[in-house]
Amino acid sequence: MTTATQIAEKLDALPESSAVALKIRGEQYFDVIRGILDIFAKKKEMDSIYVTATIPCQSIMNALQVLEIDTERIWFVDCISQIMMSVGEKHPHAIYVESPTMLENLMLKVEYLIRRAEGKKKLVILDNINSLAIHNNIKILSEFLHILVNNLRSKNTYTIIFSMEEYETDEMTNMLNLVCDESMTLEGG
Amino acid sequence: MLGRDARDRRERCKTGIEGLDNILNGGVPRGNTVLVTGSVGTGKTSLCLEFLVHGSNSNEPGLYVSVTEPCDKLLKNIIPYDFFDESLITDGKLHFIDLPIVYERLGLEKAEFDFEEVAILISAIASIVHELGIKRLVIDSITSVCYRLKSQENIRDFILKLGSVLSEMGCTSFLVSEISPAEERYSLYGVEEAIADGVIVTGNLERRGDLLRTLQVVKMRGTMHSRAKYVLDLTTVGVLLVPLLKGGSVAGGG
Ligand SMILES: Nc1ncnc2c1ncn2[C@@H]1O[C@H](COP(=O)(O)OP(=O)(O)OP(=O)(O)O)[C@@H](O)[C@H]1O
Ligand SMILES: [Mg+2]
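Residue numbers (my numbering), protein chains in the order written: chain E, 1 to 189; chain C, 1 to 254.
A hint or two may mislead.
Listed below are the simulated DSBU-like cross-link pairs for lysine-lysine, each with C-alpha atoms no more than 30 angstroms apart in a straight line [claimed, not checked]:
| no. | chain 1 | residue 1 | chain 2 | residue 2 |
| --- | --- | --- | --- | --- |
| 1 | E | Lys-139 | C | Lys-246 |
| 2 | E | Lys-23 | E | Lys-10 |
| 3 | E | Lys-155 | C | Lys-229 |
| 4 | E | Lys-155 | C | Lys-219 |
| 5 | E | Lys-155 | E | Lys-44 |
| 6 | C | Lys-229 | C | Lys-219 |
| 7 | E | Lys-23 | C | Lys-246 |
| 8 | E | Lys-10 | E | Lys-42 |
| 9 | E | Lys-155 | C | Lys-14 |
| 10 | E | Lys-90 | C | Lys-76 |
| 11 | E | Lys-10 | E | Lys-43 |
| 12 | E | Lys-121 | C | Lys-14 |
| 13 | E | Lys-43 | E | Lys-121 |
| 14 | C | Lys-229 | E | Lys-139 |
| 15 | C | Lys-246 | E | Lys-155 |
| 16 | E | Lys-44 | E | Lys-121 |
| 17 | E | Lys-120 | C | Lys-14 |
Partner residues are not named here, just some residues of chain C that face chain E (Cβ under 7 angstroms, in silico) [claimed, not checked]:
| no. | residue |
| --- | --- |
| 18 | Val-231 |
| 19 | Asp-233 |
| 20 | Thr-235 |
| 21 | Val-237 |
| 22 | Leu-240 |
| 23 | Val-242 |
| 24 | Leu-245 |
| 25 | Gly-247 |
A short list of chain E residues far from chain C (calculated; beta carbon distances all over 12 angstroms) [to be verified]:
| no. | residue |
| --- | --- |
| 26 | Asp-38 |
| 27 | Met-84 |
| 28 | Met-164 |
Simulated from the structure, these hints should not be mistaken for lab results.
All C-beta atoms, glycine included, are put in the ideal place defined by N, C-alpha and C.
Okay, chain C solo, but in the shape it has when bound (with noise of 0.2 angstroms):
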């Protein structure tokens, strides 16, 4: 009973999102890091930014790493979300960084990382994160920074590490990661999600000629939660998630 009680007692990050924190029995845990990984266009990016933007809005400061999109054209698609005001970045709580950028400055120009370059990013990215005091981190997305490091030795331990200095530092992460529909694992090299505290599923179900949008949490170190899957709207009030209905044995409930 101990070991419980103490798992419930780690302290929350509340992604503000209503029905995920309800999922999570009060919000992720504190410092853990989370693989957001589904298929194209399920709403992972939206999803993150969330997290960040209520993060800014109640004094945790967020930092986003843009990998794949520009982040200035990142902002521009942003969904006009009602408790999102572009001051929040002019005001310094919420940052955006585009990592081509961040390579090119630590003279990361290789296709191919190795261990030192590892080394050398992690520290890189530890460092902004200390700077401007984040507490909510986002990469989207670390497939593509996983493209670079190629052997799966070296993705371990890029995201062991990252994820324990952020960790240290009482930064939450969320991580993206791209998958293909049909794929039976959550991440492209099969090891993120094994490292990862979390892993935060997003996809498409279809049901008698419905498609939906749904979500799951596959799994969050450090507290209970529900593993059943959620339907999933993304709305100007942000993420709204209602669960799955199963109406008992209807066919081609996936």
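Extracted from the complex, chain E is given alone in its bound form (with noise of 0.2 angstroms):
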């Protein structure tokens, strides 16, 4: 089994409107984002809403083009771009926050693609704690997970946070064990 049908399954075998910390190498990277929104989201029908604080979403949607997923139902909420100052042309499915640590605005953001297209079921995938780390400190961090899973839980919306396995503390473990419901490694490359 690909790591792409693993990561899907695994979520599959979920009950509705989980919310994971999925623990994952870099070489297993694209394999994964292949697996939740081209095998997972679109088995069910879903629209994702996926936050990055690591990589700028053109990259992201430029791989996404070489993997051939399709974008037409993934959404971008954009926090590293206008720090690095690499927004130059918007996208429009992305959504851009001035930098990662307006935990509150990155909030906002998703909560308004929800509501933008209300009763459609979503999934919103976080990427990725480690980052959000590297720009806020534990608690206020903490508390913006808390609230976040909470009120997407409330909306029926899946939610996946990705921790790089190499960065991933003790203090993270601990929070992510804390907010999310399930916790998930995969096996092999």
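Using the hints, put the two standalone chains together into the complex.
Here it is as structure tokens:
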């Protein structure tokens, strides 16, 4: 079984609107994205809201195109382009947050995207917790996750929080365990 | 215990702004006069307009009384809400009136109103509300009206009487008040906030170089409510609110 089908099947086995902490290694990154966006979200006919605090959304979008993943139902909240001064041309599927320290604005933009297409089932990806931890202290980050996850749960939305295994500290593990229903790792590369 | 139950049973006027209704435990107690106050450009007008539009969408006709800015200019700049249709206006569910025109019709041309003229103004507003069956009223801004009232007694009298007349008709009102950010009180004359049934404050908050728009319900008679600060976003789906993160003891939280 490939990494992509593995993650899709694991997610499929979870109760609706679960919050998942997904521990991944760098080399699994694109397979994971394919599994979530191209297999799981597609099968469930969900819109995906992709929050990036790591790579500018334009780069992710380019990668998705190379992977031939349909981006019609994928929306981005990009918290990194502006501080990296790499917004360039604004993508119609992207909303930009000034910086990854604006956690409230991040939540507001996610809320906006959910509201704008109310009624449709949705999935939110947070990529990733380690980058957010560079810009925010752990206290404010836990408060943020708590509010975000509870809010999304109340709106019947899946939440998938990426954590890069190499960079996950014990503090982060505890925090993720506290807010998420499920913690997942994947076998193989 | 009885007191609390009774209070929570007061009928609510759901603002339709989900975040605000949650803060207010279901909405503004019907008939309340609420001061919406904050420094320039913090979203007071947008918040009030949205309150009216949601009302007129759910069979509660609304009236916007503009004092500072002509209504047609205001309507040109309105946020293109998904839930706002011009037909609300043409169907008579949402009304806009320029107060200077009302002054003119009433012959209130003086720069300063006395007791009697205050009474004339109140009864004029009351009869419009009555005739049009208005359930939600906005006056934007009350500060400009207060300029003409000069004395604290007159302002007190105006808000008190207006509030009670409107309340009797089951009309819930938002009165916009302008203050500078440095001000310690919530209104220019300091009396408005004491008389109003509720005070909603909008503002700007700087945190480690980031500027956030905030909203806080400081007071609301007739309901329990959160007094925490929220971060606000003005969007085409309306005002969105999330709690201001405190993050333990992060400096500069203001
Ligand atoms: N049509 C619009 N589209 C997008 N954003 C808007 C629109 N209208 C207003 N805004 C945003 O809302 C902000 C403030 O709006 P608003 O007029 O509601 O504030 P206010 O507190 O009433 O201001 P004032 O003190 O000037 O009366 C504007 O500065 C702008 O950022
Ligand atoms: Mg205004």
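Margin query: For a quick check of understanding: which of the numbered hints are violated here, in increasing order?
Written below: none
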